[in-house]
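**Student:** These are the residues of each chain, in order.
Protein chains: 2
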Amino acid sequence: MAERFVSRRNLEFLLYEVHRVERLSAQPYFSDHSRETYDLVLDTAMKIARDLMYPHLQEMDQKAPVLENGQVKVHPAIKGIMKEWGEGGWIAASMPYEVGGQQLPTAVATACNYVFAAANFSSTGFPLLTAGAAHLILSYGSDDLKETYAPRMLAGEWQGTMALTEPQAGSSLSDIVTRAEPTDGGYYRIRGQKIFISAGDHDAAGNIVHMMLAKIKGGPPGAKGISLFLVPKNRIKSDGMLEPNDVTVATVYHKLGYRGCPITQLSMGENDDCRGYLVGEPHKGLSYMFQMMNEARLAVGMQAASIASAAYYAALEYAKERPQGRKISSKDPLQPQIPIIEHADVRRMLLFQRGVVEGSLSLILQCCTYSDLSRTEDVEQSQRYALLLDLLTPVAKSYPSESGILAVSQGLQILGGYGYCQEFPLEQYYRDIRIHAIHEGTTGIQALDLLGRKVVMKNGQAMRLFLEEVGAVVQEAAQDSELSPYAERLKGALDTLGQVTMRQVQFALQGDVETFLADATLYLELFSIVTIAWQWLAQGIVARKALDAGCSPLDAQFYQGKIHAMRYFFHYEGPKTAGLAARLMEADGLTVNMTAAAFDD
Amino acid sequence: MAERFVSRRNLEFLLYEVHRVERLSAQPYFSDHSRETYDLVLDTAMKIARDLMYPHLQEMDQKAPVLENGQVKVHPAIKGIMKEWGEGGWIAASMPYEVGGQQLPTAVATACNYVFAAANFSSTGFPLLTAGAAHLILSYGSDDLKETYAPRMLAGEWQGTMALTEPQAGSSLSDIVTRAEPTDGGYYRIRGQKIFISAGDHDAAGNIVHMMLAKIKGGPPGAKGISLFLVPKNRIKSDGMLEPNDVTVATVYHKLGYRGCPITQLSMGENDDCRGYLVGEPHKGLSYMFQMMNEARLAVGMQAASIASAAYYAALEYAKERPQGRKISSKDPLQPQIPIIEHADVRRMLLFQRGVVEGSLSLILQCCTYSDLSRTEDVEQSQRYALLLDLLTPVAKSYPSESGILAVSQGLQILGGYGYCQEFPLEQYYRDIRIHAIHEGTTGIQALDLLGRKVVMKNGQAMRLFLEEVGAVVQEAAQDSELSPYAERLKGALDTLGQVTMRQVQFALQGDVETFLADATLYLELFSIVTIAWQWLAQGIVARKALDAGCSPLDAQFYQGKIHAMRYFFHYEGPKTAGLAARLMEADGLTVNMTAAAFDD
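Chains A and B supply the protein sequences, listed in that same order.
For the first sequence, our numbering begins at 255 and goes up steadily by one.
For the second sequence, our numbering begins at 255 and goes up steadily by one.
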């Protein structure tokens, strides 16, 4: 196994130097905290990750969950991990003191989750879903639901889930058919099927609390008739004891990766005895659920980046240690072989991994910082940050997921035949990371969200704010002679993005929404490269300043490395915008103006 | 399981209409054959693939080979498959009559192998390696070796392998240390280790015949001291019986995919009793082995394309049947959902798969046709085709492998969560295809071969011939009003490729070989897109002519589909050349002028 899965130095660089989380302490919510707290929290996270989570990485993959007598059995380590996350306050880390939270900035909590996920991604599904579900209850649930469910979930005793998808309605939530029938007993009678429910059942939790979308009889059709229910696996009797709530596990899926966490198919109300408790008002469920979905989307991006991080360090370690071949300029077979990190092509692959990993993490922490900044009492500022977060969520979900697949694949490639074998962790990372472009909204769905909703919302206000944010970094970088060529490149890419956006939006204004969104996935890719280039330039600025100000030789090496990685991103990833923009400017409806028969023969 | 894994119609289109294999009958070697033979052969291949190979696809993946008491046990179906390939004449398909071959064009034999590999890739490793090994013996072995080994290999009774890689020498063959010590007994004593030997041992063959590289004591260092040996698992006693030859299986690797075929680590001479028989002259082994390596490289490209084909048809079937969502322009939830093939983004993903699959297959058949044409007695023509084949082999190996990974991934994506689960074959294809960018020379090695060797060989003669070949298609397409814009695009890309090539070669001429080859992998990618665009334009020409000449409605639909897929390739894949060329023209040595310390922190 590899020695490392994250860089502590890089986490500190991004948190303190690039995104300056210490400034958050100016806000009342975070005022108790300082870098001292954050360092301590990171220390503890690193220790838990290394001692409690990483050792089970491979075994949890090899011993996947099984369904036995209607109960899903998971790896025994999960119980201890959930307990630690609960008792250590990790599940409630960014929640308010009054519910037992720590009021940590999301940025810091997410950095810790990143460390955990890099050590053992599958195991983080359990507590992260629980955190999201508890937060949803605390935001919209009745006092009774809050008091009954949230504490046990935040303590890591009960599992929370997100129960949206149905067999006939995958990405199309408006087509769900799970029914909720009102009763006189203060609950609804639930009947339906849910598929692909992560951590939907397992024996490491005393109860499973499903946050479930369903339709109340007689409500409006489509998305407007969706309500949110809390549906427990075991409901609570008047004496406080649990009894089964007619939720059955139909299947535990056998999957490519993510094998430590069970994904289940659930059946509710087979005996007409499944009770659901309405959360919030009827028919408003989807808008509530978006809170959990958006949190989950950021979490997915974070998890994808974390797997790519583990793969990067595993490949880096191998590349430093593996002797193979010689410099092209000195092929004398009598000379010893050199470590493969000396080959330009291997460096290119490592730099690609690094570009993706550190660019993604920076973007995720940027989003978290926006989220934290939006807690300000200045309404205008708060809206500004909320809009930026909204706009960038599909990017922060999909770029790490899509590019992470490629980055892990390059890591595997560096190991050659060994990368394909189970004695190294790369093949597992390759399987694990593939889920992220699918769950919590596929990349295609994220693309529609970005271009079809976020870019155009409020007459493009979020987009304008984004251009401002990137523009500020461009301007700052332009002052530095070493960075100014990159500032120019980013400015060029930003202009291109602006033109491409106008071109697409034109179709929307003309009412041709099919052409408008036909290449939304390419638009997302273009948008993402610009976004990550922005994050790299921001890192470059900090590194240049630190070098100018003078620092230790070790730090100087780190900052030089950062600048080199930034240069890689601009020279190798940046040029990809040209092809994407060229295609997007064509906007000829090639995939719209055709029939499915073109695929027949 | 999916209904189809290849398109028979497309195979016929490429063989007869695009690459016109019937013209080969003008050559004495192929003069017995006609379309009638080829159709019959294809019929039989389709039947064997469907009845004998496809049914075991999943089980061979799930029940991977195991090492028991020093013997690798494979799925029992392998024995029947090897028998059928032997008795049916598939192993010797393109070999001369005098060794029991069928003298089929390589193009036709490869089309059949493609059908087999699309049905069950892992199972084709066994006979294809056997064919390559037997061909090597027949080309360079003594009469005794030929008579003793080749017939039983071509009959599918004995397995052939390719034993090159060693623990300390993966891609660096000059560093192999397996020793061959001459004896008086007409054999060499072999001692050493070989890793990653496909089909290196198994119980479905009566013997294993390793074509092994080793160094004879006292020979020159490096690649110039490599000799080729035939090292059987069991050697033949004077009475004709077999006895163990001191070849031990140290490991059978547990791998991501390709699980039907064992990859083994072998140890020779642990008891100082391993006999190897020299093939050809001492120290010339590497040049002999290149015959098998080049055949294997084309086979790898073919196998990658075949897996991508199976994934494409599985995704296509799903996309036609799966209802989900509605047109963006008509979101009424009361209307029924539409099959996902109606969504532009899904069509884009299908067209990408098709672009890769049919573009790759066309290139592979192009290479095979060059190989077949090089059998002509016209020396100049023969050299021309041999050079073209040489130049394009790294492209035909790596484009299907690299783009195939992406194509299968898009297929998996089309199935969403189901793509990630074992009940559909996509996740297996995703694992299986990942080997191809690694074995038989990684993509990085292919790139060095293309730019560092093939492009510059004979003062660029092969490259000039390639430009001629592509230029001829451009010229023909320019005559057709519908194709002329694409002819122009290809011409532009070809010019760009020429400029980029000049720019890289300049460094070689200046003696800076490190910078010359630093971005060879990107050069390979650029070269590949141009090459596949050429193959698509050639297909477009045929389709346009057929439509002009008039054809049945069913054929018209097929040809229209071809033209649409061609347009996809030009509009979506073609533009990627812009970014690649921009980067390659920079040639700033970013990965050369750095130290490994830049990765430290």
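Please keep in mind that the hints were generated in silico from the structure rather than gathered at the bench.
Beta carbons: idealized from backbone N, C-alpha and C, even for Gly.
Mixed in with the good hints, there may be bad ones.
As the list claims (entries may be wrong) - Calculated pairs, PhoX-like style, for lysine-lysine (alpha carbon to alpha carbon, straight line, at most 25 Å):
{"id": "1", "chain 1": "A", "residue 1": "K581", "chain 2": "B", "residue 2": "K581"}
{"id": "2", "chain 1": "B", "residue 1": "K581", "chain 2": "A", "residue 2": "K478"}
{"id": "3", "chain 1": "A", "residue 1": "K745", "chain 2": "A", "residue 2": "K538"}
Unchecked claim - Over 12 Å on every C-beta distance to chain B, these chain A residues come out as not near it, computed from the model:
{"id": "4", "residue": "M300"}
{"id": "5", "residue": "R433"}
{"id": "6", "residue": "D457"}
{"id": "7", "residue": "I490"}
{"id": "8", "residue": "H508"}
{"id": "9", "residue": "R580"}
{"id": "10", "residue": "D586"}
{"id": "11", "residue": "A598"}
{"id": "12", "residue": "R638"}
{"id": "13", "residue": "I659"}
{"id": "14", "residue": "L834"}
**Student:** If a hint holds in the structure, say so; if it doesn't, say that too.
**Tutor:** How the hints compare with the structure:
1. A:K581 x B:K581: Distance of about 56 Å is beyond 25 Å: violated.
2. B:K581 x A:K478: Roughly 18 Å separates the two Cα atoms, so the pair holds.
3. A:K745 x A:K538: Since the Cα atoms of A:K745 and A:K538 sit roughly 42 Å apart, the hinted pair is violated (cutoff 25 Å).
4. M300: Label holds. Min Cβ-Cβ 15 Å, cutoff 12 Å.
5. R433: holds, 16 Å
6. D457: Consistent with the label, A:D457 stays out of reach of chain B, its closest Cβ about 22 Å off (over 12 Å).
7. I490: holds, 32 Å
8. H508: Violated, because the least Cβ-Cβ distance between A:H508 and chain B comes to about 4 Å, which does not exceed 12 Å.
9. R580: It is violated; A:R580 is separated from chain B by about 8 Å at its closest Cβ, not greater than 12 Å.
10. D586: violated, 8 Å
11. A598: violated, 4 Å
12. R638: holds, 30 Å
13. I659: violated, 7 Å
14. L834: violated, 7 Å
In the structure shown, a violation is registered for the earlier hints numbered 1, 3, 8, 9, 10, 11, 13 and 14, in ascending order.
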